[in-house]
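A.B. asks: Chain residues, written in single-letter form:
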Amino acid sequence: MSLKTASKPIFTNYTEETFPNKNVVYDTKDLNLWYGETHALKDINLSIYEKEVTAIIGPSGCGKSTYIKTLNRMVELVPTVRTTGSITYNGMSILDKKFKVEDLRTRVGMVFQKPNPFPKSIYDNVAYGPKIHGIRNKKILDEIVEKSLRGASIWEEVKDRLKENAYGLSGGQQQRLCIARCLAIEPDVILMDEPTSALDPKSTLRIEELVQELKKDYSIIIVTHNMQQAARISDRTAFFLNGEVVEFDQTDTIFTKPADSRTEDYISGRFG
Amino acid sequence: MKYINQEQVQSKMNRRLVKNNIFKTLFALATMFGIVVLAILIIRVLTQGLAWIDMDFITGKLSTSADRAGIMGAILGTLWLMIVVIPVTLILGVATAIYLELYAPKGKFQAIIQTNIANLAGVPSIVYGLLGLTVFVRAMDLGNVVLAGGLTLSLLVLPIVIVASQEAIRAVPQHLSEASFGMGATKWQTVKNIVLPASLPGILTGSILALSRAIGETAPLTVIGIPALLIPFPGGIFDTFTIMPMQIYYWTIDSSLVSEYANLAAATIVVLLVMLFILNSIAVIIRNKFQQRY
Numbered sequence: 000m001s002l003k004t005a006s007k008p009i010f011t012n013y014t015e016e017t018f019p020n021k022n023v024v025y026d027t028k029d030l031n032l033w034y035g036e037t038h039a040l041k042d043i044n045l046s047i048y049e050k051e052v053t054a055i056i057g058p059s060g061c062g063k064s065t066y067i068k069t070l071n072r073m074v075e076l077v078p079t080v081r082t083t084g085s086i087t088y089n090g091m092s093i094l095d096k097k098f099k100v101e102d103l104r105t106r107v108g109m110v111f112q113k114p115n116p117f118p119k120s121i122y123d124n125v126a127y128g129p130k131i132h133g134i135r136n137k138k139i140l141d142e143i144v145e146k147s148l149r150g151a152s153i154w155e156e157v158k159d160r161l162k163e164n165a166y167g168l169s170g171g172q173q174q175r176l177c178i179a180r181c182l183a184i185e186p187d188v189i190l191m192d193e194p195t196s197a198l199d200p201k202s203t204l205r206i207e208e209l210v211q212e213l214k215k216d217y218s219i220i221i222v223t224h225n226m227q228q229a230a231r232i233s234d235r236t237a238f239f240l241n242g243e244v245v246e247f248d249q250t251d252t253i254f255t256k257p258a259d260s261r262t263e264d265y266i267s268g269r270f271g
Numbered sequence: 000m001k002y003i004n005q006e007q008v009q010s011k012m013n014r015r016l017v018k019n020n021i022f023k024t025l026f027a028l029a030t031m032f033g034i035v036v037l038a039i040l041i042i043r044v045l046t047q048g049l050a051w052i053d054m055d056f057i058t059g060k061l062s063t064s065a066d067r068a069g070i071m072g073a074i075l076g077t078l079w080l081m082i083v084v085i086p087v088t089l090i091l092g093v094a095t096a097i098y099l100e101l102y103a104p105k106g107k108f109q110a111i112i113q114t115n116i117a118n119l120a121g122v123p124s125i126v127y128g129l130l131g132l133t134v135f136v137r138a139m140d141l142g143n144v145v146l147a148g149g150l151t152l153s154l155l156v157l158p159i160v161i162v163a164s165q166e167a168i169r170a171v172p173q174h175l176s177e178a179s180f181g182m183g184a185t186k187w188q189t190v191k192n193i194v195l196p197a198s199l200p201g202i203l204t205g206s207i208l209a210l211s212r213a214i215g216e217t218a219p220l221t222v223i224g225i226p227a228l229l230i231p232f233p234g235g236i237f238d239t240f241t242i243m244p245m246q247i248y249y250w251t252i253d254s255s256l257v258s259e260y261a262n263l264a265a266a267t268i269v270v271l272l273v274m275l276f277i278l279n280s281i282a283v284i285i286r287n288k289f290q291q292r293y
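Order-wise, the sequence lines are chains A and B.
Taking numbering that gives the first Met the number 0, I'd label the letters of the first sequence as residues 0 to 271.
Taking numbering that gives the first Met the number 0, I'd label the letters of the second sequence as residues 0 to 293.
If you are wondering where the hints come from, they were derived from the structure by calculation, not from laboratory data.
Here the structure is a predicted model, which means the values were calculated and not measured.
Keep in mind that the hints are not guaranteed to be accurate.
[Stated by the list, open to error] The calculated DSS-like cross-link candidates involving lysine-lysine, where the alpha carbons are at most 25 Å apart (straight line), are:
{"hint": "1", "chain 1": "B", "residue 1": "K191", "chain 2": "A", "residue 2": "K99"}
{"hint": "2", "chain 1": "A", "residue 1": "K214", "chain 2": "A", "residue 2": "K21"}
{"hint": "3", "chain 1": "A", "residue 1": "K113", "chain 2": "B", "residue 2": "K186"}
{"hint": "4", "chain 1": "A", "residue 1": "K158", "chain 2": "A", "residue 2": "K138"}
Start from the sequences, fold in the hints, and give me the full structure.
C.D. replies: Structure (structure tokens):
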């Protein structure tokens, strides 16, 4: 495991569990990223394991959102972005200019900070992904829609109003619809960028329960500014600060005996 | 110690309130001015022209005899023009707007084009007429036909359609296209399925308003050359044509010869205004009906 030789993240509690015998989905090596002149990510080295929930925490502006958007190259929507280093996804080098982003994004779904359903019906929102990937058969589409809505535990609430506009749903329901929409492209990985920050506590709890459910089938990377949330739902946590990974370890370790004093300061609420 | 002296404030309060009312009246008068002028115009036109409007006037052919004159030829001329203008401006305008908003690299190149489009929207319409005369009528040898007129008017309103479409596209929230990209959609799929449907009401509203400007436009077509008395109806885009504003103009300058011509002009104005009113109403209805919440 190449991470052991990486200099930046500090691992003190080396155990078998620190580097488990699990498949690595994403392997990030010496990633640097600039927005114009701003150096937003500095020498990031991080491994994301299969069928786990990896939480990324840190104060505002620490680069956590930038990092997760680099994993599906959405960060490139900002035209001035420059990167060095490498990220491999299942062994494929995704920052390679020849690599097709569309290909990557059909395997890696994303859920955004603010629920962003399309101004279409609930059904059409979920069917959008399969449709753009060429599925035209109505029966298959029906099946995918139902399966995805069940997977996002929102089927019971919307099954009688699939033709209604998605904007009629509450904020929490909209976010679960967005998760369903993401499941409909049958991804391997789900990226979640502060998915509950615009939601009330009850809706937040439902999403958190859903994440626990989803990790059986998907690898999940979740950015959150809510440390309790990271502690509740993640298996592994990375703490970002000023564009660097300060510490990356099992969530238990991060929250009980962090190796770096800055991590301890942050999780105990002294800053951020 | 207090800085505001209550007694002083009170002594000045009456003066302030008077001033307040003066300005309120002033603003109301400014608004009234426009309304009154518009009302006078409409009343004058209606009293003079309404009596002359009947089925024969609307469906009749042009004639030197005021009693027999009709404006169907001019109405058809306008419709044929629209048949050229609508597809040309919509296709070129929306495509340009999509390119500038979604594809063109943001930078000097885009800024230059943007400034030029804004400037083109301000070029006097007669200049477009000269362009049309040079390029379409003479160089392309089309003659003074519907196609030449339509292409000239298309150039004239294209900047307006582009700017309106750009604004409509810009108003579609970024997070919608992000959601689409996030599922592996290409740019074209995102434009086709998300951006265009969401911006269509705005694009249509802007285009219809641009169109109603084209319908009332006279100067560029004068330059291209419109016959003063054209009796046969235009039957296609390669026929010579006349239009309502042009007819209003000819009848008005000839009213010193035949006084009834002034009434014909007034009647034509009424028909033209009704047509513009209908078009603008359609724009408002589309805007209200399809306005989306994001």
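A.B. asks: If you draw a straight line from the CA of A/K158 to the CA of A/K138, is it 25 Å or shorter?
C.D. replies: Holds - the C-alpha atoms of A/K138 and A/K158 are around 16 Å apart, at most 25 Å.
A.B. asks: Can you confirm whether the C-alpha distance between B/K191 and A/K99 stays at or below 25 Å?
C.D. replies: holds (20 Å)
A.B. asks: Decide if the proposed pair is consistent with the structure: A/K214 and A/K21, CA atoms, cutoff 25 Å inclusive.
C.D. replies: holds (14 Å)
A.B. asks: Need the status of pair A/K113, B/K186: alpha-carbon distance at most 25 Å?
C.D. replies: holds (22 Å)
Checked against the numbered hints given earlier, the structure satisfies every one of them.
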